[in-house]
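If you want the building blocks of each chain, they are given just below.
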Amino acid sequence: MIHVKFFASVRERVGSAEMQLACPPGGFTVEEVLTMVEGQAGTELHDAHLLASLNQQHVPFTASVKDEDEVAFFPPVTGG
Amino acid sequence: MIVSVQKEDFDASTACAEMARVSGAGALVTFVGTVRDYSDASDILSMEIEHYPGMTEKELERVSMQAAKAYDIFDSLIIHRYGLLQPQDNIVLVAVWSRHRAAAFDACRFLIDVLKTSAPFWKKEITPQGSRWVTDCPGCRAGSREGHSHSVPSAHPDQRLHSS
Chain A
6 MIHVKFFASV RERVGSAEMQ LACPPGGFTV EEVLTMVEGQ AGTELHDAHL LASLNQQHVP
66 FTASVKDEDE VAFFPPVTGG
Chain B
111 MIVSVQKEDF DASTACAEMA RVSGAGALVT FVGTVRDYSD ASDILSMEIE HYPGMTEKEL
171 ERVSMQAAKA YDIFDSLIIH RYGLLQPQDN IVLVAVWSRH RAAAFDACRF LIDVLKTSAP
231 FWKKEITPQG SRWVTDCPGC RAGSREGHSH SVPSAHPDQR LHSS
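Here the protein sequences come in this chain order: A and B. Here the first sequence stands for residues 6 to 85, where the numbers follow the numbering used here. Here the second sequence stands for residues 111 to 274, where the numbers follow the numbering used here.
Any given hint might turn out to be false.
[Claimed, not checked] A few chain B residues facing chain A, derived, Cβ under 7 Å: (1) G164; (2) K179; (3) D182; (4) V202; (5) A229; (6) P230.
[To be verified] Derived lysine to any residue pairs resembling SDA-like cross-links, with alpha carbons at most 20 Å apart: (7) K168(B) - N60(A); (8) K234(B) - P80(A); (9) K234(B) - M111(B); (10) K168(B) - L59(A); (11) K168(B) - T124(B); (12) K168(B) - G32(A); (13) K168(B) - M6(A); (14) K168(B) - V224(B); (15) K117(B) - M175(B); (16) K168(B) - T227(B); (17) K234(B) - R16(A); (18) K234(B) - L56(A); (19) K234(B) - P81(A); (20) K168(B) - L50(A).
[Stated by the list, open to error] If you anchor each label on the Cβ, the simulated ranges turn out as follows: (21) E75(A) - Q116(B): 21 to 29 Å; (22) G164(B) - M6(A): 36 to 44 Å; (23) M175(B) - Q25(A): 28 to 36 Å; (24) S21(A) - S241(B): 13 to 21 Å; (25) D182(B) - T34(A): 39 to 47 Å; (26) E73(A) - D182(B): 35 to 43 Å.
In short, the hints are calculated from the structure, not lab data. Keep in mind it's a predicted model, so treat the numbers as computed, not measured. C-beta atoms are modelled at their ideal positions from N, C-alpha and C, and glycine is treated no differently.
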C-alpha cells in the first residue's frame, strides 16, 4: 500500500487526512498518485502551487513511488 | 544544534540559557516571530498552526545542518510552536551562537528565511469574517530587507512594515 497524507487546505478539499492506495507492480510517480487521489476524492487538486513530499522529503511530481512509501500533498508552507 | 516543535510557549532568554554553554562564543543572535493582530485589512482573533509531524523536525534539522556548513557558527536552536495561538503570542525562536556577530546575524537570517519556505507548517487565521488559510507571501518568502505591506489597517500606522 501507498500511504497518502494531506495537510491544511488540501486536507479540507479531500475531506480526509489520509488515504491508502494499492501500489501497482511497476510503482507510481507522485503525479500518478495525485491523479488516483483525485479520482477517489472526487475533487481536483492539481494547481501550480501544490507541493508534494515522499517519505517526508520535498520531491518533484516526477519522483517514483514504491510500495509502503508515504506521500503527502500540501499547499505552500507558511511557517515562521 | 537543537530543534523543538511544540505546543507550549517559550521564553527566549530561558531557552537560550538552557543550551549547553558554548565555549568560545562571542555572539548570540536571536529572532522571535510573533502572531500579528492584523492581516489583509482584517483583524486576527487567533491563529491555528498545523504541521506535518516527523517531516517538520527533519526539515528543521536539515536547515540547521545547512547553516552549520554554510556559516562559521558554534550552535543553533530553533523552537517552533503549533496549535491555537493568540495575537502577540510567540510562534518561532531562532538562536545562533558564533565567535563573531556577522556569522550569527547571517546564519540567523538564513535559518528563518529557509524555514519559512521549507518547513511544513501552515497558518490559518481566525478573523471576524471567518477563518482562512494564510497563502504564500512573496515578500515573506524573499525576506525583503525593506519590509512589505500586509495591508495594515489605518489603526496601526506605526506597524505598516511587516517585520518578519
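Taking only the CA atoms, is the gap from K234(B) to P81(A) under or equal to 20 Å?
-> Judged against 20 Å, a Cα distance of about 13 Å means the pair holds.
K168(B) paired with M6(A) [C-alpha distance capped at 20 Å] = Violated - the C-alpha atoms of M6(A) and K168(B) are around 24 Å apart, more than 20 Å.
Using the Cβ atoms, figure out if G164(B) sits within 36 to 44 Å of M6(A).
-> 18 Å, violated
Using 7 Å as the Cβ threshold, decide whether K179(B) counts as touching chain A.
-> 18 Å, violated
Is it true that the CA of K234(B) sits at most 20 Å from the CA of M111(B)?
-> Violated, at about 29 Å.
Given the hint that K168(B) pairs with G32(A), does the C-alpha gap stay at or below 20 Å?
-> 25 Å, violated
Could you check if P230(B) really has its C-beta closer than 7 Å to a C-beta on chain A?
-> Given a least distance of 5 Å, the restraint on P230(B) holds.
Could one say that the CB atoms of M175(B) and Q25(A) fall in the range 28 to 36 Å?
-> Once the Cβ atoms are compared, 33 Å apart, the range 28 to 36 Å for Q25(A) and M175(B) holds.
13 to 21 Å as the expected CB spacing between S241(B) and S21(A), which holds or is violated = 19 Å, holds
Range hint 21 to 29 Å: satisfied by the CB atoms of E75(A) and Q116(B)?
-> 23 Å, holds
Straight-line alpha-carbon gap K168(B) to L59(A), limit 20 Å = 13 Å, holds
Determine whether the Cβ-Cβ distance between E73(A) and D182(B) falls within the hinted range of 35 to 43 Å.
-> 41 Å, holds
In this structure, the hints that do not hold are numbers 2, 3, 9, 11, 12, 13, 15, 20, 22, in rising order.
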